[in-house]
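Colleague: Based on these hints, arrange chains B, C and D on the given structure of chain A.
There are 4 protein chains.
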Amino acid sequence: MIVVMKQGATQAQIVNVTARIEQWGCQTHISEGKERTIIGIIGNGRPLDREQIARLDGVERTVPVLQPFKLASRDFHPQDTVVPINGVSVGDRKLVVMAGPCAVEGSEELMEAALAVKESGAHMLRGGAFKPRTSPYSFQGLGEEGLRYLAQARKETGLPVITEVMAPEQVPLVTTYADILQVGARNMQNYALLHAVGESQRPVLLKRGMMSTIEELLMSAEYILSHGNNRVILCERGIRTFEPYTRNTLDINAVPVLKQLSHLPVIVDPSHGTGKWELVSAVSKAAIAAGADGLIIEVHPHPSQALSDGAQSLKPEPFAQLMRELQAIAQAVGREL
Amino acid sequence: MIVVMKQGATQAQIVNVTARIEQWGCQTHISEGKERTIIGIIGNGRPLDREQIARLDGVERTVPVLQPFKLASRDFHPQDTVVPINGVSVGDRKLVVMAGPCAVEGSEELMEAALAVKESGAHMLRGGAFKPRTSPYSFQGLGEEGLRYLAQARKETGLPVITEVMAPEQVPLVTTYADILQVGARNMQNYALLHAVGESQRPVLLKRGMMSTIEELLMSAEYILSHGNNRVILCERGIRTFEPYTRNTLDINAVPVLKQLSHLPVIVDPSHGTGKWELVSAVSKAAIAAGADGLIIEVHPHPSQALSDGAQSLKPEPFAQLMRELQAIAQAVGREL
Amino acid sequence: MIVVMKQGATQAQIVNVTARIEQWGCQTHISEGKERTIIGIIGNGRPLDREQIARLDGVERTVPVLQPFKLASRDFHPQDTVVPINGVSVGDRKLVVMAGPCAVEGSEELMEAALAVKESGAHMLRGGAFKPRTSPYSFQGLGEEGLRYLAQARKETGLPVITEVMAPEQVPLVTTYADILQVGARNMQNYALLHAVGESQRPVLLKRGMMSTIEELLMSAEYILSHGNNRVILCERGIRTFEPYTRNTLDINAVPVLKQLSHLPVIVDPSHGTGKWELVSAVSKAAIAAGADGLIIEVHPHPSQALSDGAQSLKPEPFAQLMRELQAIAQAVGREL
Amino acid sequence: MIVVMKQGATQAQIVNVTARIEQWGCQTHISEGKERTIIGIIGNGRPLDREQIARLDGVERTVPVLQPFKLASRDFHPQDTVVPINGVSVGDRKLVVMAGPCAVEGSEELMEAALAVKESGAHMLRGGAFKPRTSPYSFQGLGEEGLRYLAQARKETGLPVITEVMAPEQVPLVTTYADILQVGARNMQNYALLHAVGESQRPVLLKRGMMSTIEELLMSAEYILSHGNNRVILCERGIRTFEPYTRNTLDINAVPVLKQLSHLPVIVDPSHGTGKWELVSAVSKAAIAAGADGLIIEVHPHPSQALSDGAQSLKPEPFAQLMRELQAIAQAVGREL
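Protein chains in written order, with this note's numbering: chain A, 36 to 372; chain B, 36 to 372; chain C, 36 to 372; chain D, 36 to 372.
Where hints are given, some of them may not hold.
The calculated lysine-lysine pairs, modelled on DSSO-like cross-linking and capped at a C-alpha distance of 27 Å, are [stated by the list, open to error]:
#: 1; chain 1: B; residue 1: K190; chain 2: B; residue 2: K350
#: 2; chain 1: C; residue 1: K190; chain 2: C; residue 2: K129
#: 3; chain 1: A; residue 1: K105; chain 2: A; residue 2: K69
#: 4; chain 1: A; residue 1: K311; chain 2: C; residue 2: K105
#: 5; chain 1: A; residue 1: K69; chain 2: D; residue 2: K105
#: 6; chain 1: D; residue 1: K350; chain 2: D; residue 2: K129
#: 7; chain 1: A; residue 1: K105; chain 2: D; residue 2: K41
#: 8; chain 1: C; residue 1: K190; chain 2: B; residue 2: K69
#: 9; chain 1: A; residue 1: K294; chain 2: A; residue 2: K129
#: 10; chain 1: B; residue 1: K41; chain 2: A; residue 2: K311
#: 11; chain 1: C; residue 1: K294; chain 2: A; residue 2: K350
#: 12; chain 1: C; residue 1: K105; chain 2: B; residue 2: K41
#: 13; chain 1: C; residue 1: K190; chain 2: A; residue 2: K311
#: 14; chain 1: B; residue 1: K350; chain 2: D; residue 2: K294
#: 15; chain 1: A; residue 1: K41; chain 2: D; residue 2: K294
#: 16; chain 1: A; residue 1: K350; chain 2: B; residue 2: K41
#: 17; chain 1: B; residue 1: K69; chain 2: C; residue 2: K105
#: 18; chain 1: B; residue 1: K190; chain 2: B; residue 2: K129
The hints are simulated quantities; they were obtained by calculation from the structure and are not laboratory data.
Given the structure is predicted, the values throughout are model-derived calculations rather than measurements.
Bound conformation, chain A alone (with noise of 0.2 Å):
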């Protein structure tokens, strides 16, 4: 960390910085320019607290050198991190695509879509039991009962499952049933949901929240990792800015910056990023242009009648269509689908 003084700081407020920094073990080094004292702090590697220095008397500011996240760094874990789940594979050269309906709305309805997108070649299952809605009166997911249509559906196809869990005392639940544990956008900073997913050793999918940087995204990461959990999948899912016209704006700029950063699977979701069928086809193919290592994809086989996110959401035939089209994006950036 380095410690940048105001102007005009005197040299007992100095020497006090100094001294107390020192208390906790680490050096000092004080660079006096024509302005401003800088002072350096070789670390012990415990994580100093900035806040505490920034209110010590004549400093202006603490400016952070390390990146405060360690177990999802790439500097810590240099190899690209692998999460294996019931036979596929995610982080891989091969691309892995995650589809189904926002919301699990009936059996009948689960399997039709989970066997439509089956055939267009996806290799999970996507589908809503607890739904995180704005509103008190909107549909708020079939809960255990759509859990048990997803396990059946995984049985009937053979696609592993990936599903929602908003609150800790979900995860036992969610876990008997689902494949992936998905940390929703909303729940990304839900420190003690990512401690119970953390918990259970199970993959989770993390998504970013929308208003959420990518340092916060990896940091949340880190919680789960430090409960020794390490099959983590981050998700870039759309953040929130001043543009109305799309429901979210996907930062593509997160995929290549997050597999720089990290070294866990990036996949991104078109369907929240973007919030309008129409744009996830040219999207899904950015993404996996920009590098990520999947998707998760909204389909339902009759979106005029979902009882969430229907806008969003693509028909079979244009999801096949994707996928015919996505083959070739991938072989351009050396992956295979």
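Modeller: Quick look at chains B, C and D alone, frame taken from chain A:
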């Protein structure tokens, strides 16, 4: 709701849309413009799912006419709600100031802070026992021990206590000790938690998420109100923007907007809203001038030793000074402190 | 346009609004809902001022039905526009790559860059002679001298030249030397400049402002088109968001959205869109996969000596590598490079 | 400036960076940490280009220590600047209110507005003759005719006049008629215009761009100041965020921040800052409470007939009411109106 059809939508598509809407027991009005046909929907009280309609063939988009929140709306409850809490009323002519350290760090430190803020005229004591922290390596709060210190400080000072609850399973415990349950910004859309605090029938301070719109804040309040718990206090605490100089951008517009749209009391958190103690005084005065019903302010006797958010905590002396200055502002807007 | 009346709007207010609208030669359709009355306006072609109507007594808000842009709209011009520029066509099946240094720094440096990008297959040479810089103390560009170097490089390489014009009075001068006039992001709503480049009848590359919506970009294009100059190329170059890791957030969604809403060619600037040369390659591929008609990329033979934006400039070798990799992506989406 | 080297940077890279820096006449201090080496630069007064250093081999990033603005900085000019304008002083103990219509629409309408705002106690008359409009089809202002009406209104009321200038070539014309040249939000980084108003030696009101940082605002002020024109007034007018309910989000934090960083007067535009006349009163009071030196408010005698921005204009009566209420707020913060 209004349905805007695509340019060139066929008569069959228009008939299909109206048929579907009428099937749901609503009436329709059709306006045929030169380029677009518009269908007005006259509801039967039941909220329609915009997304289902948006996916019907030929539909370009739908436009909501009514606000999606009801119990939180001033349309349905014109008079201001006043929340009484152990002798203090929030939302009344008299302003309410909640003050104390960000985190409860120890029995003595808390008592020192409690006595200081009481002496300066604060009406409630704030302090976190469960702390949501970006990093798993940061101080996470004292937990139940912290709650006990808060209860003790209440006993000795007579100040009601507000503290954060982070997970549904913590609600019974926190309810034992605290007068107001605080739902933090990161949990504003943690629906399991909203249900739990709604069920608790305790006063709730609901902080606006850093990424949440005013409408979403009111929808989250609706979750709590829908459990028959109408003691909800809204809190503006700054939103995330592109401006890097301050930690958040306090949305001062939200104060009059919330007072206009809702009957619930509105308080402001200038400490998180700015992230810098030097700005707290100016922004606190602005909040009261804009019509807020109170403030929640971080005060720490020794901010350079604080275990969290020291950089935004006031020392007791500037806090006392601020309380004196707020008197004049309160009078200027017809309130008292 | 649709007018939503306030709850409890009086009959007199409704009559007044319809009378006013009809006075402007438009027809009205009234839908009386349970809580709100809605007035549909059927236009006479003349755009109505929403704000005037919004201020009539009893009006809650107005909702536009038609897009505010006409000449830029695909509704009015369904076929793709192709902009021919000295033998290169932008918007055609063949992709166009414009490359070169951020700023023209000298005759030799420019020639070195021009030869390098030509050898790698770039189709046009970019380089700034007038540089918009945040600081008055930064290098502001070589001005006309820089323009002369550009013309010379064009002569020797055969590459058409694109360069920025910053003020209306510079238009005649820049037109003398350049093949495409670039309007920079900070000037996207510099209306005097938009008029001047419209009048010039030269091809214009219009960059999206870092704070501008897609609709505003098209409205700015409309300014140029309204002068009868239809050789406008749109450029997505990243928007400003809360994410601090990258300089801007490239809005990949904007590519398919612009292609859907407008007939104008769309290119992407991955150098400004990311601000980091390490990310340029991944994001360039994403842009082409998403349907962009081309790229504008900063390439500098010695980026560590660049006078501006060195951190986002590729060296010639990685640029050559990128051009090779783009071939495969282009083919995968049915284009060629 | 501080240079943070990459993990694993070689000794040769470190030597190369220090050699380069010393070549520019600066000194270096090296701190070798466990994971990263840090190089502090002690300047010779000449601003270094961070980007050039950032591109040297082995450099991870650079961190600025000093603020990039000098003439605008309070460090270099500790006393508040007061801008005298024909008998009115901006930045003094007495607050200044500028009021009038968004656009000058006609001689009579302007006179009616001017008399009304004068009677309520406004100190200056605002009104646009050149109007930046998103659409080429909207009313663009009366141009010089509008300027003449403004001059006439000044003559009859004695109120100094402020109006917007949109292009460098308009500066001489506008200077003939107006007391303050306003640079609008969309032109905050129109550098040709900043140079021209700097050269004019007239008082300038510089509005913050809707997506410009506080630092960028001060850098744009620096452009004007660097021409020896120190009569610059800063104006916070709302920034663009994700919140859709208000047109912009007024950044109240910016008021104390600007007063802290700079000696220049700061005024607030609550009309654009909110976009809704119902919010103007609350936000105006907040601005004064936060320490602003004045306000610029849109007032229109007949806002439902206004040719631009009617929805955010106050009628004369609520404006008069606001002026009365501001008296008490002004006194509460030790100012007068």
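Colleague: Each hint: holds or not?
Modeller: Status of the hints after comparison with the structure:
1. K190/B to K350/B: With a Cα-Cα distance of about 23 Å, the restraint between K190/B and K350/B holds, given a limit of 27 Å.
2. K190/C to K129/C: Holds, at about 23 Å.
3. K105/A to K69/A: 36 Å, violated
4. K311/A to K105/C: Between K311/A and K105/C the Cα gap is close to 23 Å, so the pair holds against 27 Å.
5. K69/A to K105/D: Given pair K69/A, K105/D holds - Cα atoms ~14 Å apart, limit 27 Å.
6. K350/D to K129/D: 24 Å, holds
7. K105/A to K41/D: 16 Å, holds
8. K190/C to K69/B: With Cα atoms ~52 Å apart, K190/C and K69/B exceed 27 Å; violated.
9. K294/A to K129/A: 16 Å, holds
10. K41/B to K311/A: Holds, at roughly 15 Å.
11. K294/C to K350/A: Satisfied, since the Cα-Cα distance of roughly 22 Å is no more than 27 Å.
12. K105/C to K41/B: 16 Å, holds
13. K190/C to K311/A: 46 Å, violated
14. K350/B to K294/D: Measuring from Cα to Cα gives roughly 22 Å; hence the hint holds.
15. K41/A to K294/D: The given pair, whose Cα atoms are some 17 Å apart, holds under the 27 Å limit.
16. K350/A to K41/B: It holds: about 19 Å lies between the C-alpha atoms, which stays within 27 Å.
17. K69/B to K105/C: Holds, at roughly 15 Å.
18. K190/B to K129/B: 23 Å, holds
This entry does not satisfy hints 3, 8 and 13, going by the numbered hints stated previously.
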